[in-house]
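Undergrad: Sequences are here, hints too, so could you generate the full structure?
Protein chains: 2
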Amino acid sequence: MSFPFSKQEAEALEAELLEDYRFGKQQLIEILGHSCATAVTKVYPLKTLPKKQPTILIICGPEQNGAIGLVCARNLRAFDYEPTIFYPKKSIDTVYKDLTIQCEKMDIPFLSYLPTEVQLINDAYNLVVDAVLGVEEDIGELKEPWATILATLKQIKIPIISLDIPSGWDVEAGESEGINPEVLISFSAPKACAIHFSGKHHFIAGRFLPYDIQKKFELNLPKYPGTECVVEL
Amino acid sequence: MSFPFSKQEAEALEAELLEDYRFGKQQLIEILGHSCATAVTKVYPLKTLPKKQPTILIICGPEQNGAIGLVCARNLRAFDYEPTIFYPKKSIDTVYKDLTIQCEKMDIPFLSYLPTEVQLINDAYNLVVDAVLGVEEDIGELKEPWATILATLKQIKIPIISLDIPSGWDVEAGESEGINPEVLISFSAPKACAIHFSGKHHFIAGRFLPYDIQKKFELNLPKYPGTECVVEL
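Going down the list, the sequences are from chains A and B.
First residue of the first sequence? That's 1 in UniProt numbering, and the numbers climb one at a time after it.
First residue of the second sequence? That's 1 in UniProt numbering, and the numbers climb one at a time after it.
No lab work stands behind these hints: they were computed from the structure.
One or more of the hints may lead you astray.
Where chains are identical, the list cannot tell them apart; a pair therefore holds if satisfied intra-copy or between any two copies.
Claimed, not checked - DSBU-like mimics (lysine-lysine), calculated; alpha carbons at most 35 Å apart, straight line:
#1 42 / 105
#2 143 / 47
#3 52 / 216
#4 47 / 7
#5 215 / 143
#6 157 / 89
#7 89 / 215
#8 52 / 215
#9 42 / 215
#10 51 / 7
#11 215 / 51
#12 223 / 143
#13 215 / 157
#14 89 / 52
#15 200 / 216
#16 157 / 216
TA: Below you can see the structure in the form of structure tokens.
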């Protein structure tokens with residue numbers, strides 16, 4: 001399978017889903033967040049986690065990737081994990097706000113700051129879900145608190161699961177000095193940077209993707225097994 | 001497990017989900033429609049269908065049950081079934097309209113009328129999904145085309161899968177003269193009428209239901225296995 005998917009193509013595909021196929025933002029975020037939580041359970045079943053408590057830290061960025069992280073957290077909670085969310089820049093978008101309230105009302109804890117002492121994170125959590133930056137962000141203009149968060153993520157020793165784009169990587173060029181996730185979950189199709197992914201598990205989420213779109217963008221996706229919402233490459 | 005859930009309680013629960021927990025209509029419809037499609041695949045795997053083509057007829061009503069039927073159809077298509085939709089009164093609600101467009105753009109056929117000759121339905125389809133009437137409808141005031149559709153459903157010989165409330169049943173009293181589904185998929189919790197269900201498989205869909213709501217309404221739900229979105233009673 002080739003990874004020819006540029007930032008421009010990813011944006012064109014999303015526009016087609018939203019405008020022509022009339023998929024809703026809320027709908028896509030829900031599907032993808034649920035798929036991410038499912039992928040996490042496949043690689044890290046509850047019983048295999050090294051810590052006594054099934055803790056997972058989910059770091060959510062300001063845009064859609066962060067919103068998908070919130071849904072992932074809520075679904076992990078339903079799967080009996082213990083997610084904790086760090087969401088430093090809460091969006092004013094109503095859809096994202098509602099997803100935040102759902103997590104809060106389900107008693108998922110939110111951190112008010114991320115420890116700079118990385119060992120505290122390694123000790124407290126089994127895994128980190130990187131829902132920080134996605135296709136829409138321009139890495140060249142990275143502001144605080146994201147630069148500091150990325151610096152922390154680079155030093156973390158517990159496994160990182162990155163959603164769509166490992167944070168800090170360029171969508172196309174990747175980033176040799178960036179974070180090194182153990183799991184990558186590509187949305188709809190792998191972006192060009194995924195060719196540089198050297199972790200253990202690469203999933204695709206987005207079974208809803210209409211066949212005509214797959215054909216138009218020449219995606220050549222693998223077949224999803226049974227009723228699975230993710231497929232591993 | 002007892003089935004004490006009245007119409008009033010079902011409505012109070014939904015109001016709490018929408019207003020307090022800020023779940024979105026689009027979000028809930030997507031989750032439930034996906035769950036229904038998954039339940040269908042569990043009882044009727046592709047390879048066990050009697051007809052050569054994996055055809056399923058999905059009859060959608062004017063309200064939320066019908067919208068969930070549309071999402072169920074779309075997900076069944078993604079699971080390699082061949083759904084056909086009959087949706088005689090298309091809603092003007094934007095969320096429902098968008099779900100219709102998604103099905104149309106994915107080349108799921110829509111019937112312009114339902115054959116009155118029941119044998120034609122028995123011959124053409126393996127199953128019928130009854131997404132006609134839900135909690136919100138008042139059975140006493142049943143208008144056309146719903147009365148005729150119900151009369152047809154009562155004569156059908158192929159298995160019927162009913163969503164939440166078998167169409168034509170009263171939410172609480174049930175209906176001894178009504179349709180007789182082989183599968184019932186209750187949303188969140190079984191409604192009182194479910195005690196009269198005499199089919200083979202009764203599922204609950206709604207794993208997203210927050211624990212505090214389950215406790216408040218004394219739902220006493222069974223545990224969903226693994227990452228499953230439905231649980232069979």
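Undergrad: Should residue 51 paired with residue 7 be assigned to within, between, both, or neither, using CA atoms and 35 Å as the limit?
TA: neither (38 Å within a copy, 44 Å between copies)
Undergrad: Please sort residue 47 with residue 7 into within, between, both or neither, judging by C-alpha distance up to 35 Å.
TA: neither (38 Å within a copy, 40 Å between copies)
Undergrad: What label fits residue 143 with residue 47 when the C-alpha limit is 35 Å: within, between, both, or neither?
TA: neither (38 Å within a copy, 54 Å between copies)
Undergrad: Between the shortest in-copy and the shortest cross-copy C-alpha distance, which are at most 35 Å for residue 42 and residue 105: within, between, both, or neither?
TA: both (27 Å within a copy, 32 Å between copies)
Undergrad: Given a CA cutoff of 35 Å, do residue 42 and residue 215 count as a within-copy pair, a between-copy pair, both, or neither?
TA: both (29 Å within a copy, 29 Å between copies)
Undergrad: One pair to classify: residue 215 and residue 143, alpha carbons no more than 35 Å apart. Within, between, both, or neither?
TA: For residue 215 and residue 143, the Cα distance exceeds 35 Å both inside one copy (38 Å) and across copies (43 Å).
Undergrad: Have a look at residue 89 and residue 52 and pick one of within, between, both or neither, based on CA distance no larger than 35 Å.
TA: within (30 Å within a copy, 54 Å between copies)
Undergrad: Is it within, between, both, or neither for residue 200 and residue 216, if the alpha carbons may be no more than 35 Å apart?
TA: within (30 Å within a copy, 43 Å between copies)
Undergrad: Indicate which option fits the pair residue 215, residue 157 if close means a Cα-Cα distance not exceeding 35 Å: within, between, both or neither.
TA: Classified as neither; 40 Å inside a copy, 39 Å across copies.
Undergrad: When Cα atoms must be at most 35 Å apart, do residue 89 and residue 215 count as within-copy, between-copy, both, or neither?
TA: between (37 Å within a copy, 32 Å between copies)
Undergrad: At 35 Å max between alpha carbons, let me know whether residue 215 reaches residue 51 within a copy, between copies, both or neither.
TA: Only across copies: residue 215 and residue 51 sit 29 Å apart there, 44 Å inside one copy, limit 35 Å.
Undergrad: Evaluate residue 157 and residue 216 at a C-alpha cut-off of 35 Å and name the case that applies: within, between, both or neither.
TA: Answer is neither; intra-copy 40 Å and inter-copy 41 Å both fail.
Figure legend: structure checked against the earlier numbered hints; hints not met, in rising order: 2, 4, 5, 10, 12, 13, 16.
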